[in-house]
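Undergrad: The listed protein sequences correspond, in order, to chains Y and P.
Using the working numbering, read the first sequence as starting at 812 and increasing by one per residue.
Using the working numbering, read the second sequence as starting at 271 and increasing by one per residue.
No wet-lab data here; the hints were simulated from the structure.
Glycine included, C-beta positions come from ideal geometry on N, C-alpha and C.
Be a bit skeptical, because a hint or two may be false.
[Stated by the list, open to error] Facing chain Y, according to a computed beta carbon distance under 8 Å, are these residues of chain P, among others:
#, residue
1, Asp-468
2, Asp-781
3, Glu-782
4, Lys-786
[To be verified] Calculated lysine-lysine pairs in the DSS-like style (CA-CA distance at most 25 Å, straight line):
#, chain 1, residue 1, chain 2, residue 2
5, P, Lys-473, Y, Lys-970
6, Y, Lys-970, P, Lys-532
7, P, Lys-532, Y, Lys-879
8, Y, Lys-970, P, Lys-552
[To be verified] Partner residues are not named here, just some residues of chain Y that face chain P (Cβ under 7 Å, in silico):
#, residue
9, Arg-864
10, Arg-935
11, Gln-936
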Amino acid sequence: MTRYLARRLVEAVPLLLLISLTVFTVLQLLPAGPLSIYERDPSMSDEDLARLRQYYGLDDPIPVRYLKWLTTVLRGDLGYSLVTHQPVARMIAERLPNTLYLMSTALLAALLIAIPIGMVSALRQYSKTDHAATLFSFIGYAVPPFWSGLLAIIIFAVKFREWGLPALPASGMRTLGSGGGALDLLAHLVLPVGVLAMFNAAHYTRYVRASLLDVLNQDYIRTARSKGLAERLVISIHALKNAALPVVTIITLDLPMLFSGALVTESIFAWPGMGRLFLESAFRFDYAVLMGIVTLTALLVILSMLLADVIYAWLDPRIRYT
Amino acid sequence: MNSIKHLPLLGALLGLLVACGGTAPAAQPSGATTSSWASSAASLTPKRGGTAKVAIWQEPAMLNPLLNTQTITQIVGETVLEGLLQAQPDGTYAPNLATELPTKENGGISSDGLSITYKLKSGVTWSDGKPFTSKDVAFTYKVITNNANPVIDRAKYADVESVTTPNDTTVVVKFKKLFAGYRENFNWILPEHALGGDTTIDKKDFNRAPIGTGPFKFVDWKSGDTITVTRNENYRDKSKPYLDGLIFKVMPSREAAIQAYKVGDVDVLWNLTEGDLPELDKISDSAVEAVSSTRVERLVLNTSCPSGPQQGDPKCPHPVLGDPRVREAIELAIDKKALVDKLLFGKAAVATSVIPYGWYAPQLQPAEYSPEKAKKLLDEAGWKPGADGIRQKNSVRAHLTYSTTTGDRLREQTQQVIQEMLKNVGIEVEIKNQPSPVLLGSWAEGAPRAKGNYDILMYTTNADLDPQAHLYNYFAGDQVPTEQTKSGRNYHRIVDPELDKALNDAAATLDESARKAAYKVVAERISAGRGHIVLYNRLLIDPHKKYVVGPKVNIWDNLTWDAQNWWLNK
């Protein structure tokens, strides 16, 4: 197992290099760069622009610039944004906790919704409950967060206020001008988490249902039942553990989202997270920040795949890696 | 949850945001109107205390306006940082950190006009209590001229020979040659002590957490969320600011900002568009002042070849627009009044010149609207209607592309109306819009505007309170963009020696009346050349709740220019 882990980690290095090189090159191929904001300003002269390009090394060929970037990153420094004039690591560090609050709560909520519904759906296949759950899944999956988000804002923030009901905050993480506090944060989490959880619960439900159904049709379940084991025990001891395998894999593979955040939902609810940082940086051609986020996300994806494999082996003793 | 799942949406959002980011360089607020509630509230005695919350739908990249061109950087930055002079709502300059405007009479301007002496207010301190002196002005000049700093607007200092400080309250700026726009200089003064005397400020934390002489003092910046400034206890006017502080709330979009304003999460909104007016009118406790701004929406007509080896060369005339009579017919065919009435709720002004306001603004007559005259003119010029009603001359069809930035509803509506109006006189236009960064990008980016690869463009731009730099850059004959003059902005590519002469005359004197006369000639030549056909003045809309008393619109400065006078009446 140790050897296997070591091999996977070593294999990850060229993969990461390839990803970063590709993204770096593609970004440089865009017709605009971090100085675009200055290039479009009539108050910047050609000489000033040329001076800055040279000062920041933007005229160097792409391979030279990539190597510069790589050596900086290998020293543990994510580089420097030419747009905000501050270290990329600091920019990410400012946003990361906010995204973690949002995404971990949303993941937890999605699982709390999806697991029971998926189980009931599978155990009562083709019942009314199952059909209702299926309908819920399809609606949840078909309604994009940008729409459900706006709908939630209109109903719970705007209309509730008009009707004199306790309205929920629709933007940001804390009430402006107040000290904040845990309760305030929780109130601000309700709507964005609700929207994200709906969306994710919808497809997690399908996985739980499908996976449990698959297991329930296996011979060993029939054996367990025929030896007279109580149905409750059949489900909890034999079925659930085996059904958990693919579900755990899917969830593990989704873990990098805790870092990368939710682009659309964060934008709608003015949540100051990583998704919005990525979007804003893309709009201002802030390559350093984009590279930082993409590289870290790629690293996390690779690590989470590895983690999924490890968990798989731990849950299913039949699987052995060498 | 997974950002990849949302990628298709990114395209749509991109379009939206690009439209918001827009072309307009500086959205500048205005003092042309004051509504009745404001004048009645003005008689009340201002109350101290409270915090005003301002929604901004763009996050500044930093808070040092010397290094960043974003309007939003200025809006937040100018609550903290100040300059020697400040533009007033009526289009004049007033002293800010200086005690008076330098003139020949008070000895502030030398007889040859090459030396400007500023007297500084004494007893002014930075928000940390350290004294503000002439040394800080000299230090700021060194920062500006330091090649390692990405300073914008450096061209304004190109003719400065030296900045000297005979004593703590006197600054003498010597010029190598006459610079009529000197009053636009030194609009942001930096503290020497807070930057440790180091003039390389590119990577300083100061850019994010500035220290200034202004009414407010920087407190904190929660990335993507809020920027908070609080009352500067060391401000020179002890009775001000009235507010305890300001919170700038970063919203992801204008729509979200309006929602937050509607439900009362914020008190002040920044930079809305004409299309938002009907929705704003529904908010009962909101004071909306829609003021005609300096930003003039215009058609820019390419008079040079739009393609081929001589693309963008003024010597190669455009097959259709190269004929001045066609350009005149286009202006005659457009009913500007109808555009304003139908699309801008009658609230904007029909534009008459590219420089509508300011001390130099000439009074020009609105262009005539007469489709009949337009048709007659085209007939005379040899453009005869073909079978489908579209005119032709020597088998060239009067077919033009008409481009503007994508995602701007007002512009798209304007396009459709103008398309109809031009069709009426036999000119066919094909709408071909592109995102703002693509259409209006730089020479290096190969943007159609810079390269001359277009027929008609529509966008907004504006001149500053000193119009010389803008007018020269956009209209002088040597500013046609080429490999040598990449940053030239004579995109319509008309070379007019008379216009060039008037521009040079305006720059050759500090005498305001002589400069005003020269700018009248400039404006008339631009109107006659019709490289730019002005349509309407865009509205400036910065609404605030009625209980926020004091904000006065200043089209020459930004929303927060007078934040020290704001107070809460609740």
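Undergrad: For which of the previously enumerated hints does the structure constitute a violation, in increasing order of number?
TA: 1, 2, 3, 4, 5, 7, 9, 10 and 11
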